[in-house]
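Asker: Sequence:
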Amino acid sequence: AKPEHIPATVEEIRDATEVELTVDLYLNHYKIERANVSMSTVDLLNLVNHFLKYKKAVQVSEAIKSGKIKDGDDFLYRCIQRLLPPPDEEGKHHHEGFPDYLVHIADQED
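Residue 28 in our numbering sits at position 28 of the sequence shown, with consecutive numbering throughout.
For the record, the hints were derived by calculation from the structure and aren't laboratory data.
Because the structure is a prediction, the values reported are computed rather than measured.
Heads up, some of the hints might be wrong.
To be verified - DEER-style ranges, computed between Cβ atoms:
id : residue 1 : residue 2 : range
1  : P86       : D24       : 38 to 48 Å
2  : A35       : E109      : 18 to 28 Å
3  : A16       : H93       : 46 to 56 Å
4  : L102      : V23       : 36 to 46 Å
5  : T22       : E89       : 15 to 25 Å
6  : V23       : L76       : 19 to 29 Å
What the hints assert, rightly or not - Once the Cα atoms are required to be at most 27 Å apart in a straight line, the calculated DSS-like pairs of lysine-lysine come out as:
id : residue 1 : residue 2
7  : K56       : K92
8  : K92       : K55
9  : K55       : K31
10 : K31       : K92
Using N, Cα and C, we set each Cβ at its ideal position, and we do this for glycine too.
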């Protein structure tokens, strides 16, 4: 007779190694608490400009890349939009990032 604690088939055995490794990775390498960071203004402006220039490469969600979710639904994209300067005197928005002259001014001030 077969002992009761042995599964009847291989399908009944679940290998939880992958799940356990993933949980272990997040618990040991990522902080869940909110973190504050600081950087120079010119570095922030350049970071925003690079994100906007290469946003399709840095957005990880396939739904965003495929167009199923709009840019406005992406948290990082919304944060960056709040950092962009207001429209200029002619009403032009800076959706491509900060103009070079503003980056230059920030570089002189830091």
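Asker: State, for the Cβ atoms of T22 and E89, whether the hinted interval 15 to 25 Å holds or is violated.
Answerer: violated (52 Å)
Asker: Are the Cα atoms of K55 and K31 separated by 27 Å or less?
Answerer: holds (25 Å)
Asker: Quick one: are A16 and H93 within 46 to 56 Å, going by C-beta?
Answerer: holds (50 Å)
Asker: Lying within 38 to 48 Å: is that true of the beta-carbon distance P86 to D24?
Answerer: Hint holds: Cβ distance 46 Å, inside 38 to 48 Å.
Asker: Given the range 36 to 46 Å, decide if the beta-carbon distance of L102 to V23 lies inside it.
Answerer: holds (44 Å)
Asker: Is the Cα-Cα distance between K56 and K92 27 Å or less?
Answerer: It holds: about 23 Å lies between the C-alpha atoms, which stays within 27 Å.
Asker: How does the Cβ-Cβ distance of A35 and E109 compare with 18 to 28 Å: does it lie in that range?
Answerer: Holds: the Cβ-Cβ distance is about 26 Å, inside 18 to 28 Å.
Asker: Straight-line Cα separation of K31 and K92 no greater than 27 Å?
Answerer: Violated. K31 to K92 sits at ~39 Å, over the 27 Å cutoff.
Asker: When you take the CB atoms of V23 and L76, is the distance between them in 19 to 29 Å?
Answerer: Holds: the Cβ-Cβ distance is about 24 Å, inside 19 to 29 Å.
Asker: Please work out if K92 and K55 have their alpha carbons no farther apart than 27 Å.
Answerer: OK: K92 and K55 at ~21 Å, within 27 Å.
The structure is inconsistent with the numbered hints 5, 10, although it conforms to all the rest.
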